[in-house]
Amino acid sequence: MKAKQIVTTRRALVTGLASAGGLLLGACSKQLPPTYGNVLRMGDLLTYTAHRFLLPRGRLAKEYAHGDITSIPAVGTTNPADSHQGAFNADNGPIYERLRAGGFSDYRLSITGRVSRPGTYSLADLKRFPARTQITKHTCEEGWSAIAEWTGVPLRSVLEAAGIQPNARFVNFFAFDDIAEGIDMFDALHPQTILAYGMNGRNLPLPHGAPLRLRVETQVGYKSTKYVQRIVVKDEFDDLGKIGDLQNGWAWYAGI
Amino acid sequence: MASGWLTGIVEVQAAGPVVAAADARPASGRSTADTPHGGHARWIRVSHWVVATSVITLAVSGFVILMAHPRLYWGATGNDLTPALVELPISRNYRHGGWDQSFAFFPQVHSPESASRTYEIFNDNGWGRSLHFLAGWFLALTGMVYLVAGVFTGHLRRHLLPGADERTARRAWEDFVSHVRLKFAPTTGGPPYGILQKWTYAGVVFLALPLMIVTGLAMSPAMTVAYPFLSGMFGGSQSARTIHFFVFAALILFLVVHVLMVVLSGFRRQMRAMTLGN
Numbered sequence: 001m002k003a004k005q006i007v008t009t010r011r012a013l014v015t016g017l018a019s020a021g022g023l024l025l026g027a028c029s030k031q032l033p034p035t036y037g038n039v040l041r042m043g044d045l046l047t048y049t050a051h052r053f054l055l056p057r058g059r060l061a062k063e064y065a066h067g068d069i070t071s072i073p074a075v076g077t078t079n080p081a082d083s084h085q086g087a088f089n090a091d092n093g094p095i096y097e098r099l100r101a102g103g104f105s106d107y108r109l110s111i112t113g114r115v116s117r118p119g120t121y122s123l124a125d126l127k128r129f130p131a132r133t134q135i136t137k138h139t140c141e142e143g144w145s146a147i148a149e150w151t152g153v154p155l156r157s158v159l160e161a162a163g164i165q166p167n168a169r170f171v172n173f174f175a176f177d178d179i180a181e182g183i184d185m186f187d188a189l190h191p192q193t194i195l196a197y198g199m200n201g202r203n204l205p206l207p208h209g210a211p212l213r214l215r216v217e218t219q220v221g222y223k224s225t226k227y228v229q230r231i232v233v234k235d236e237f238d239d240l241g242k243i244g245d246l247q248n249g250w251a252w253y254a255g256i
Numbered sequence: 001m002a003s004g005w006l007t008g009i010v011e012v013q014a015a016g017p018v019v020a021a022a023d024a025r026p027a028s029g030r031s032t033a034d035t036p037h038g039g040h041a042r043w044i045r046v047s048h049w050v051v052a053t054s055v056i057t058l059a060v061s062g063f064v065i066l067m068a069h070p071r072l073y074w075g076a077t078g079n080d081l082t083p084a085l086v087e088l089p090i091s092r093n094y095r096h097g098g099w100d101q102s103f104a105f106f107p108q109v110h111s112p113e114s115a116s117r118t119y120e121i122f123n124d125n126g127w128g129r130s131l132h133f134l135a136g137w138f139l140a141l142t143g144m145v146y147l148v149a150g151v152f153t154g155h156l157r158r159h160l161l162p163g164a165d166e167r168t169a170r171r172a173w174e175d176f177v178s179h180v181r182l183k184f185a186p187t188t189g190g191p192p193y194g195i196l197q198k199w200t201y202a203g204v205v206f207l208a209l210p211l212m213i214v215t216g217l218a219m220s221p222a223m224t225v226a227y228p229f230l231s232g233m234f235g236g237s238q239s240a241r242t243i244h245f246f247v248f249a250a251l252i253l254f255l256v257v258h259v260l261m262v263v264l265s266g267f268r269r270q271m272r273a274m275t276l277g278n
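Protein chains in written order, with the working numbering: chain C, 1 to 256; chain U, 1 to 278.
Where hints are given, some of them may not hold.
What the hints assert, rightly or not - Some but not every residue of chain C turned toward chain U, in silico, with C-beta under 10 angstroms:
{"hint": "1", "residue": "V39"}
{"hint": "2", "residue": "P56"}
{"hint": "3", "residue": "Y64"}
{"hint": "4", "residue": "P73"}
{"hint": "5", "residue": "T78"}
{"hint": "6", "residue": "T133"}
{"hint": "7", "residue": "K137"}
{"hint": "8", "residue": "H138"}
{"hint": "9", "residue": "E141"}
{"hint": "10", "residue": "D245"}
Stated by the list, open to error - Chain C stretches covered by chain U per the calculated footprint, using a threshold of three residues with CB under 8 angstroms from any CB of chain U:
{"hint": "11", "region": "153-159"}
{"hint": "12", "region": "209-219"}
{"hint": "13", "region": "224-232"}
In short, the hints are calculated from the structure, not lab data.
Quick reminder that beta carbons are idealized off the backbone N, C-alpha and C, glycines included.
Looking at chain U on its own, in the form it has when it is part of the complex (with noise of 0.2 angstroms):
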């Protein structure tokens, strides 16, 4: 929430065309009628929590689950006697040897096998899977909630989405210069939001969160066999897993950034913003 950086970028640059392009545009974001107090609707405030603590619950839930499985496929299926498009080193189960009781199912040369293990594997999925789908409810249905209220109160179209005139690789690349140097405006604890950040919430919110929900349910059986173009889309219930298990890595890289920012832009000011929302 280190909000007000398009604001910031006016006052560092102390130039006028960019003032007068915001001003002359206030669909644009720069209007805060809605929050005369400079902090967030209170809808905002418990969905953004809401989600946050979903969000984190299901990211360490869903580390427990990966630890069983460390390995990742592309297309239907994938285990442990096929080949991983990436195998990652977590857990006692990363690269585990030990099998046995291997036949061929088949009497040609590249015959589909079966083994057993002769090593108990970590698994922790009773919890894990439990937690996982409990947390995925608060942040499903929170996220309805939230996108419903957001499109009756404007909220996205005026403070998420980036205006006709933001959307330019020119302005992106102007608030990405004033980021890395560092230079933040007086925090406001609300919208306006900056170009990158409206970009960087507009794919949380419409890309990366809903993109989580339906790889995740694109590999439930129940889920699939009512609706098979749920894996069908991502080419396999695997390649969905997949996807599922790089945009969790997205998620943890804007959780870092966001907090790195709200602590850099005004902890405080952003903190009372979002918990008192004044």
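In isolation and in its complexed conformation, chain C is listed as follows (with noise of 0.2 angstroms):
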């Protein structure tokens, strides 16, 4: 998993060099990625744009049998209480704690923006919703992949209760840890989008994001937001700041 830190010296090499192209690319429109006159972002975005354009629509990831499950490592936060993690939050740490120890009964999940219902979900409420479980391959940006059974909500069902507007561009997640990760329409709406909460039949564990976790099976493992804490639906692009890829050094659109 991927290390949150400010890459400072990167990107003050490739600033000068990109921030007239930059500067092209990212004035074109707000509902684009921009590139920050950052010249590896061009290329994602140049991944992004022929994806969507050029990929067919609704198809779905491989699903696999029972037998296939594998190990899997759990990696980047392992538990947002700890504050020896890297991307712990001093505010969100003891809540979390709390949470925890409460079985998470107290937990709730918080919808808010370009929705027509703001509002928060408790796990009983995602878990009224129509289940998906789906045994899929995680793919980490590392290098290795793994696979296991995740049970949980289509994203697609919570923004629909949620009433979804349709000048909606980008869904964001918010984690208890020091994490933002942002998704479009396309990955957002995808059937095999889900908020999970059960992991190889069991209540999703501690290291792999409980109580509720993202998984996007059409990208790299670290767009699968562990630990989300509450969603943004924005209708424009937003780099989420200190906490979000772009300024840590990461791509957006994780790439081909």
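Reconstruct the complex from the two isolated chains, following the hints.
Printed below as a string of structure tokens:
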């Protein structure tokens, strides 16, 4: 799992080189992820644009048999209440610890932004939606992969229940640790994009993102945010600041 | 670009039959009508250096990506908790121990398990991946232009593909022996190429580089969701990753020998032919 850190030297190196081109591309529209004058981000933007224009829609990721399930490392944050972990958030850590001690019965997922009915959902609320169980491959950007069974509610169902507005373009996820991720509506409405509360037939284990994690089967692993606390639907691109991908040196669109 | 190797053999051997055979078949690549000055056409020079820069950038960024997880597997999946096909002794992540919070998912004896790291791994994939894909775009787009131009100008057929009379083990062996003896022709700075040279360039252009692009795409979740055959044809994304690595190693070997041959056959002449085109 990628580490969250500010990569100032690298950005400084490429910013001067690429500022002209970045301005040109970035100024086109806030509906596309901007490049921030970063030459590396131009390749990612090209990949994103090519994928959205050229790839067929409605295809599902391969689903495997139960016997195909493999061992799977838990990487990145493995406990948001642990102050020694890289992405620890001093405000949310104690909140998470309290929720976990109570078996997450007080957990509430909030959905705000470009939705007609912003609100909160308990785990019981989420489990009342028709569930989807899928045995899929997790592809980590590090280079390894693993197969696991995930059970949860399709993100699409939750967004539709919240009354997603026609101008919604991006869905952003904020976790209990200092991690935030965003995906576009193509990935958000994909039938296999789920908010998972179960893994391999049991409740989502703590190191894998309890009580609720995102599964985006069309992207590499780091887009599948663990420990999701709140969802914000936006009508324009948001780089999510210091806890987002771009300012930590990572591609927003995780690539080819 | 140690060009004129075929001519070299002919001159070194100073033998009639080979000259006659080659002269009798202009299609085998002895015609230099399209390169009157002995250098390379402009589109070849431009694409050569764009591809060369892309490949070197891809090699460096690819190595950085590999350092984050220097283990190779066969099949659909593989990770630190499953057996590796190859473990590469690069980066501090090589055989790095230290796992805790481990637990089994199922009650059976050899159940899949989970574990968390107790250490910070080397991982520069943030810029490594983005640079890799940026260079990949340059390689793929330039490669497509090169192939289309190569077909329409006849460059691929006349200069790269070995002619019918050249596709014999005996001719390849003769060329091999002359290479081992370091017998090189006076450099012309362009085609016609020798037999081994043609096989090598054709292998890079038609096999190795396309295979790198396809095995690269076979690792992408977005691409394999859209086109499952991409990973399926290699037996899984991890198999594709392993092939990607070994073809990378072959291309590095090619790069070393290629540069060595340029030096041995006349560095200044060859570089002028591939830059100024004369």
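Hints and how they fare:
no.: 1; hint: V39; result: holds, 7 angstroms
no.: 2; hint: P56; result: holds, 6 angstroms
no.: 3; hint: Y64; result: holds, 8 angstroms
no.: 4; hint: P73; result: holds, 5 angstroms
no.: 5; hint: T78; result: holds, 4 angstroms
no.: 6; hint: T133; result: violated, 15 angstroms
no.: 7; hint: K137; result: holds, 6 angstroms
no.: 8; hint: H138; result: holds, 8 angstroms
no.: 9; hint: E141; result: holds, 5 angstroms
no.: 10; hint: D245; result: holds, 8 angstroms
no.: 11; hint: 153-159; result: violated (count 0)
no.: 12; hint: 209-219; result: holds (count 3)
no.: 13; hint: 224-232; result: violated (count 0)
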